[in-house]
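Participant: Protein chains in written order, with the working numbering: chain A, 92 to 329; chain B, 92 to 329; chain C, 92 to 329; chain D, 92 to 329; chain E, 92 to 329; chain F, 92 to 329; chain G, 92 to 329; chain H, 92 to 329.
Think of the hints as simulated: they come from the structure by calculation, not from any bench.
Some hints here could point you the wrong way.
[Claimed, not checked] So the derived list for chain B, only partly shown, Cβ under 10 Å to chain A, looks like this:
#	residue
1	142
2	173
3	175
4	176
5	177
6	203
7	235
8	236
9	252
10	262
11	279
12	282
13	285
14	292
15	293
16	296
[Claimed, not checked] Counterexamples of contact, computed for chain A against chain H with all Cβ distances above 10 Å:
#	residue
17	122
18	138
19	141
20	224
21	293
22	298
23	303
Beta carbons: idealized from backbone N, C-alpha and C, even for Gly.
8 protein chains.
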Amino acid sequence: MTHLPDPGPQPGVHDLGYARLDTDRLERTGDAEVVYGAGKTPAQIVELLRTLHATHPGHPVLATRLSTSAQELVVAELPAAVVDPVGRTAVLGEPPSASGTVAVVSAGTSDAPVAAEAATTARVFGAGVDLITDVGVAGLHRVMGVRERLAAADCLVVVAGMEGALPSVVGGLVGVPLVAVPTSVGYGASFGGVAALLAMLNSCAPGVTVVNIDNGFGAGVFAARVARRAAPAEVKER
Amino acid sequence: MTHLPDPGPQPGVHDLGYARLDTDRLERTGDAEVVYGAGKTPAQIVELLRTLHATHPGHPVLATRLSTSAQELVVAELPAAVVDPVGRTAVLGEPPSASGTVAVVSAGTSDAPVAAEAATTARVFGAGVDLITDVGVAGLHRVMGVRERLAAADCLVVVAGMEGALPSVVGGLVGVPLVAVPTSVGYGASFGGVAALLAMLNSCAPGVTVVNIDNGFGAGVFAARVARRAAPAEVKER
Amino acid sequence: MTHLPDPGPQPGVHDLGYARLDTDRLERTGDAEVVYGAGKTPAQIVELLRTLHATHPGHPVLATRLSTSAQELVVAELPAAVVDPVGRTAVLGEPPSASGTVAVVSAGTSDAPVAAEAATTARVFGAGVDLITDVGVAGLHRVMGVRERLAAADCLVVVAGMEGALPSVVGGLVGVPLVAVPTSVGYGASFGGVAALLAMLNSCAPGVTVVNIDNGFGAGVFAARVARRAAPAEVKER
Amino acid sequence: MTHLPDPGPQPGVHDLGYARLDTDRLERTGDAEVVYGAGKTPAQIVELLRTLHATHPGHPVLATRLSTSAQELVVAELPAAVVDPVGRTAVLGEPPSASGTVAVVSAGTSDAPVAAEAATTARVFGAGVDLITDVGVAGLHRVMGVRERLAAADCLVVVAGMEGALPSVVGGLVGVPLVAVPTSVGYGASFGGVAALLAMLNSCAPGVTVVNIDNGFGAGVFAARVARRAAPAEVKER
Amino acid sequence: MTHLPDPGPQPGVHDLGYARLDTDRLERTGDAEVVYGAGKTPAQIVELLRTLHATHPGHPVLATRLSTSAQELVVAELPAAVVDPVGRTAVLGEPPSASGTVAVVSAGTSDAPVAAEAATTARVFGAGVDLITDVGVAGLHRVMGVRERLAAADCLVVVAGMEGALPSVVGGLVGVPLVAVPTSVGYGASFGGVAALLAMLNSCAPGVTVVNIDNGFGAGVFAARVARRAAPAEVKER
Amino acid sequence: MTHLPDPGPQPGVHDLGYARLDTDRLERTGDAEVVYGAGKTPAQIVELLRTLHATHPGHPVLATRLSTSAQELVVAELPAAVVDPVGRTAVLGEPPSASGTVAVVSAGTSDAPVAAEAATTARVFGAGVDLITDVGVAGLHRVMGVRERLAAADCLVVVAGMEGALPSVVGGLVGVPLVAVPTSVGYGASFGGVAALLAMLNSCAPGVTVVNIDNGFGAGVFAARVARRAAPAEVKER
Amino acid sequence: MTHLPDPGPQPGVHDLGYARLDTDRLERTGDAEVVYGAGKTPAQIVELLRTLHATHPGHPVLATRLSTSAQELVVAELPAAVVDPVGRTAVLGEPPSASGTVAVVSAGTSDAPVAAEAATTARVFGAGVDLITDVGVAGLHRVMGVRERLAAADCLVVVAGMEGALPSVVGGLVGVPLVAVPTSVGYGASFGGVAALLAMLNSCAPGVTVVNIDNGFGAGVFAARVARRAAPAEVKER
Amino acid sequence: MTHLPDPGPQPGVHDLGYARLDTDRLERTGDAEVVYGAGKTPAQIVELLRTLHATHPGHPVLATRLSTSAQELVVAELPAAVVDPVGRTAVLGEPPSASGTVAVVSAGTSDAPVAAEAATTARVFGAGVDLITDVGVAGLHRVMGVRERLAAADCLVVVAGMEGALPSVVGGLVGVPLVAVPTSVGYGASFGGVAALLAMLNSCAPGVTVVNIDNGFGAGVFAARVARRAAPAEVKER
């Protein structure tokens, strides 16, 4: 059963059979492509990391959503890679020097994987990171205790499941741009993160934006872009 | 077109044609029946208030969800009634002496009608009421500033729309039984109060219960029942 | 890849790496923290029970949602703990003397785990408990047969799945504060407990409040707080 | 702009321009076509009643969902018609002699229009009707008080809004075939009758079937078909 | 941790520890209790069948939703039982002589288990059964070919998944009472049977009622009750 | 408050202030832009029809979703336009000669506006149209009676509300490409056309595609594109 | 337990016990029946392929949704069959010569299985196929680079998950009939393809139709029917 | 009916009876409070604008969601205010000098009100604004034609209804931080903006964040905060 002949390679595309890398993206958007690990075999992930690293040797390459076996193969095959079992990420190549600061804040211990993914992503995409965990709204003294660190950041990533109230509380304390990440942590009528997502979309604190459920990666990319372009303190004060 | 003959009056039922009053309810549950005003004409509401008041002269009678014209007719026809245009309620007869305290807390000015309905209901059902308004989570100093009043109550009714975060914050501050009331205040993906309802059902603060959207009446009944049976301070301290 | 240095321990927080205990909560709300077992390893659950018990030796510590293997490890490692395989709970330390009574009522045999979780929680949080099972609305004589026990309680926890009708029936019989718990028991268009949840939120009996699907723990905490502060019979009758 | 020529009239179809009557249906299903009034002008409704009555003079013709102005025009133009303002129906022609009994049971006064539509429909379709109103589950003595009338019917139509619990209670009392009709009566999270619909679909009483929200007509048709074919008492007892 | 003492056995209830049998139901509703197999162990199912059979030796006992291992244990332990692996049912005891006819019609081969459950249930509850399979709407000649069998029944059970169109087509052909059963057969936006359920609730054929998704049992009970009370042919023709 | 200066007109865009016409679209896709009337004033609609007609004098211009007042102004100001009050459309300019045939089939009289919109659109976009109305599935003889006309078309547009079963029945009769259009006609749990939409997406007849609820325009465009490129009968038979 | 006797075989039906083949369908709709593999055993699939091939030896037979073990048994038992592990299909018999062209376009590598199913189906149903992969909207140059191939097709099948934006972009570039296929590829609030489905139903590009989530088969059938009847190029240009 | 005495004014709160202004917010978050006009009378809006302007004379005050009559009263009473009838906003006081640039991009003419609200908000909150309208994805040349303006901005606000595809297309073109705003523009299964919201949450372009449906205000606040802190071009290039 023959299909039409393929008209040949396209420019800006590197074809691996199971994936076609957009090698142009770095030039177009300033950020290289990333290996999304879900649904890929460990061997494919290792090959993708190698290929992207070879294409852009001066940039770090990030892989996300790695299964335990993928993490193990990366450790074995790519000893230069840094693997984080909490955030399920691997990074090959040195991150650029940090420019601006992203504070990643999470509500409960179950939110740690999403917060770690956001933190690593923001770092790989060029921002410094301040990771602040376990500041749930049912214990306000913890939120109050980190107010200075929150105010010092150039962009906030606030990670919470269940009722998703933390972004509203944080957004009322400081005027820093804030990206909220709902997590699928919850039970019954949390509907896999929908309750937190809706709460964040309806935040009474102005200036809160939201990403998809459990999307620490997207929040990290966005926050790094904001932080990178923030003027250093001495310029802000001019 | 004839239906079967009606087998005659039932005991414990007062038939007005458009409504059959459950005159037994007071004995069965300790609380008299209430006039739910939605969908009833002003004249029907006045007649129902009069009839219930005549049946139980020693108890106050409450009417809720009154339209502006119903409020006006009640004022004209029943000068002894107390009408509250914010909560859209009317009360005919003196409330019992207050037993225990219900604190009704609301997040924004748009939540005022639901909070007022809860407060009036709790008072008519026998509790004292402390009404605390405009303590949204985006301004935590307002919540912190009323911590003592919250802790002093026997039951809390916490009213909030939008992201519905206030019950989680209040529930983390004090250990008083807390009934959360989601309101239909909100826009877009608040879905007429569903976002707040889901957030409250998923509160990370233990011991939060929830009633239907905008149901200040139900929360007031429940809270009054809790407060009424609370031991007075001197007994608690024994 | 270095993150900012951690600014050091926070007061009122005990950091175990995978969890940070809010050791302040007892003072703030009158109730100690609880071990939520879902997503934790058996070893972590045992360590958390031990640590919380050491912090507050005078209070019982509750662990909920324990897997079979977690229950077995608790039995092996903490012989003083009381483990309930139906409600999937463990309690370490003696409950306080009972103050007031919570009646936990359930509709079907499939609702037993949620009812048992509510009952154990209420007992650990200081209330006496009367557990009444298998009183579904399709056999009204069973509901009628327990009317006296219902009326004698200080707070009711009513547990039901499927159409969630039991709280309406019970709420029409007695005027005791009533917390309804929808369970995920059901088929097809029950949508994992949503049908029961919606029915309970729309109950025609006034004074019914609701918690999240299968949340026996939350209902137990709330009901115990209500029952604890209820005046003893002799005071009520003064 | 010309379309293809119409190929001419079809047999068994009476074309009025704005509607094509299925004059065959009586022969095919034993029941004549009905005038669904929603979205039709008063004049169209009058003409449809007249036309159907002329086609089947020996059968009564039913019109449902009539606006106030449609009811008024029917009264003026068709003095032989019986108009029911509660159920918003009109009937032209004498109903057949009653065969079997349908008991129509409703929970609250707001459910009266749907119950009336079901009762009139069942009568027009050939059954006797016993209408039982205001037997909500929050007052069980009212349900208990009509148990004999329920057991004597050949088919039950049970109408309820809000939490939709009445069919479960009735279905547990008697073994008569039961059609449940959810109504759009309710507030907040009743979602226009969805809460009641889901509750009825999940009834724990076996042998409950359900029709669409507010569909008293459909329930009446179904119940009449059941009652009509029921053997008279003397035959059942043979 | 002691709960209040149990006040002792209730009349009309047989307590097996994991289940309390409503031994009164037969008298109240004319039908004995049924063993719902989901969530019960094979040994419990065997014991329940034995106990109910001993209580009502003159009635057949039905068990539904049996796992393969439960079916095997029933075959081994209760050789008198009839086990149907398609419908996943077991019946212990002889069905009563058939009174009236239920036609069970299904659309596709995947709907066979639900249709078989409905057929066996209707037979056990006292009706004769005519099982008609594989008459999907995409092949109308199959529906047309069974028109006589449909018209001869006293009640129809129509089982369909996917778009759930079969009840509308059948309901337009004959005037027999029709119970529609949506099945969870479908893909993507069928949402586990919701598409078929909604279609059936909105059927344009009057007199269609609906049960929960995959609820062949409920449809069978209802249809048998209708068929049982239908007059025999010679009476109808009088 | 000054914004940045506008950089000037873009090629292929005609700016009217309240709308920017994509005058390039005809060249790019073969079809000119259309005036979507919802939310536009009658005067704007008249101006847009005039402007588009002046830009492409050889093509007819279509306006859809016209209010009654917009239809009246078009009749008054553009006497050459053809206005259809049923489909709420206006056409200015002569349609091209018809190429291929689209059969537009609708289930009930309430579906007529959507069917008319589809028919006019298909005609304006270059196809011949055969309009077949009132062939609901509850009267199969009407569907059977038009089988030849269905089979003779190059593309079918099948319009239905309520349970949306007609596309499955038609799709099982003939092998012509079929576009299904769900309408918002229905009550209660039809959810404004969602029930019909889901049914059509789940059709058991292969080769059924679907457009948005009430989107007769989209179906007409698609069907015309299919019919236009269909070979004439003599070519098909070669 | 005896059911009524089966009235014997129906014409146009081949009964295999677990399935009844509609051997008439080829004549009625021009396309033979297909083996839907989900829920069938490998042995049943092999037998169905053999039987259908024997019935219509001149037509290819298609089987879809094959598990790995079914694919293996088909390879072993039917060496003449062509098995595609990406699209999970098997084809037995030679496809007809290609008539017209279907272009199947997909957005991401995860969409490959659905695209392959659509491509194979279109080929078996008689169209030529041009498969174009990995043209996501976040890299517009890839879409632009294939514009000529898109414009040359007779029908487009556009496959995309996540936000489902590709059909709108493609539909704005060319005027070819376009069938959109949402896939279940996505995370969090994609709800298993619902986000893509809704986006496609709301496409701002006119003339986009949609099939069910992951339904590559349905899109392939539809597109082949469109392409088959398209006039060859020389006719179009006459 | 007396409530507890009010404990007196709180610091940082200005009480107007129908609203309590958070006069502290400017100091806490750097941005003054805003007048949300929905649900307020024209007179209240005028008074709130005056009061806030008097409190912070050096800052502009913004009012949003103004009805036509509110706009008229503002024009009459506050001649210094700038009223925008498209975005339904009023501004009293001079915006600060612009720092950084926000590009507000919208898809269709119906999205203009939301885009205007976002643009005015961003300007009042201190950013320069570049407003780019009518760049729908169905006409890609328009998007391509503004690529330079998009790349030059410090933050993008992308406004779209219907399928919500524009943020994915824009996000694939440039690497600037991007806030997507779904609008309620759409029909049928757009569900008042839900389709666009889901599409945006699932964007395949990394670094897209989302706000609530029609929430131009929130997007404007967020984007201004990002743009304000962006380093000027000369610093970025250092």
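Participant: Next, verify each hint and record whether it holds.
Facilitator: So, going through the hints one by one against the coordinates:
1. Taking 10 Å as the C-beta contact cut-off toward chain A, the hint placing residue 142 of chain B at the interface is violated, the least distance being around 40 Å.
2. At a threshold of 10 Å, the smallest CB-CB gap from residue 173 of chain B to chain A is about 32 Å, leaving the interface hint violated.
3. Annotation: interface hint on residue 175 of chain B violated; nearest CB of chain A at approximately 26 Å, more than 10 Å.
4. Nearest Cβ of chain A to the Cβ of residue 176 of chain B: about 26 Å, over the 10 Å cut. The hint is violated.
5. The beta carbon of residue 177 of chain B comes no nearer than 21 Å to any beta carbon in chain A, farther than 10 Å, and the hint placing it at the interface is violated.
6. Below 10 Å, beta-carbon pairs count as interface contacts, and residue 203 of chain B has none with chain A, the closest being about 15 Å; its hint is therefore violated.
7. Hint status for residue 235 of chain B relative to chain A: holds, with the closest Cβ pair at about 8 Å, below 10 Å.
8. Because the beta carbon of residue 236 of chain B sits about 13 Å from the nearest beta carbon in chain A, more than 10 Å, this interface hint is broken.
9. With a least beta-carbon distance of about 8 Å to chain A, the hint placing residue 252 of chain B at the interface is held under the 10 Å criterion.
10. Taking 10 Å as the C-beta cut-off, the interface hint given for residue 262 of chain B holds, the closest approach to chain A being about 6 Å.
11. With a least beta-carbon distance of about 7 Å to chain A, the hint placing residue 279 of chain B at the interface is held under the 10 Å criterion.
12. The beta carbon of residue 282 of chain B is positioned within 10 Å of a beta carbon in chain A (closest approach about 7 Å), and the interface hint is therefore held.
13. Annotation: interface hint on residue 285 of chain B holds; nearest CB of chain A at approximately 7 Å, less than 10 Å.
14. Because the beta carbon of residue 292 of chain B sits about 5 Å from the nearest beta carbon in chain A, less than 10 Å, this interface hint is met.
15. For residue 293 of chain B, the interface hint holds, the least distance from its beta-carbon to any beta-carbon of chain A being 5 Å, beneath 10 Å.
16. Against a cut-off of 10 Å between C-beta atoms, the interface hint on residue 296 of chain B holds, since the closest Cβ of chain A lies about 4 Å away.
17. Annotated as non-interface, residue 122 of chain A brings its C-beta within 10 Å of a C-beta of chain H; the closest such distance is 6 Å.
18. Remark: the non-interface label on residue 138 of chain A is consistent with the geometry, its nearest Cβ contact in chain H lying 21 Å away (cut-off 10 Å).
19. With a closest Cβ-Cβ approach of about 21 Å to chain H, residue 141 of chain A is found to remain outside the 10 Å limit, as its non-interface label requires.
20. Separation of residue 224 of chain A from chain H is adequate, the least Cβ-Cβ distance of about 22 Å exceeding the 10 Å criterion.
21. Remark: the non-interface label on residue 293 of chain A conflicts with the geometry, its nearest Cβ contact in chain H lying 6 Å away (cut-off 10 Å).
22. With a least beta-carbon separation of about 4 Å from chain H, residue 298 of chain A fails to lie farther than 10 Å from that chain, contradicting its non-interface assignment.
23. Remark: the non-interface label on residue 303 of chain A conflicts with the geometry, its nearest Cβ contact in chain H lying 4 Å away (cut-off 10 Å).
Going down the numbered hints, you'll see the structure goes against 1, 2, 3, 4, 5, 6, 8, 17, 21, 22, 23, while the others check out.
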